[in-house]
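Model the full structure from these sequences, guided by the hints.
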Amino acid sequence: MAKAIWNGEVIAESDDIELVEGNKYFPLASVRSDVL
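In full-length UniProt numbering, the protein residues as written are 1 to 36.
No lab work stands behind these hints: they were computed from the structure. Some clues are possibly wrong.
[To be verified] Pairs of lysine to aspartate or glutamate residues, derived as EDC-like cross-links and limited to a Cα-Cα distance of at most 20 Å, are as follows: (1) 3 - 21; (2) 3 - 34; (3) 3 - 15; (4) 3 - 13; (5) 3 - 18; (6) 24 - 13; (7) 24 - 9; (8) 3 - 16.
Rendered as structure tokens:
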């Protein structure tokens, strides 16, 4: 499972990520907009 962490908060977490040119992209449904 991939996680995106910013300022100590998990802002996205998913098994269904896309890898494009070394960058990981998360599905919109997995992004926690309440911490952005």
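Hint by hint, here is what the structure shows:
1. 3 - 21: holds (18 Å)
2. 3 - 34: Holds: residue 3 and residue 34 sit about 16 Å apart, inside 20 Å.
3. 3 - 15: With Cα atoms ~9 Å apart, residue 3 and residue 15 stay inside 20 Å; holds.
4. 3 - 13: The hint holds at about 4 Å.
5. 3 - 18: holds (13 Å)
6. 24 - 13: holds (11 Å)
7. 24 - 9: Since the Cα atoms of residue 24 and residue 9 sit roughly 17 Å apart, the hinted pair holds (cutoff 20 Å).
8. 3 - 16: Distance ~11 Å between residue 3 and residue 16 Cα, so the pair holds.
In summary, the structure agrees with every hint in the numbered list given earlier.
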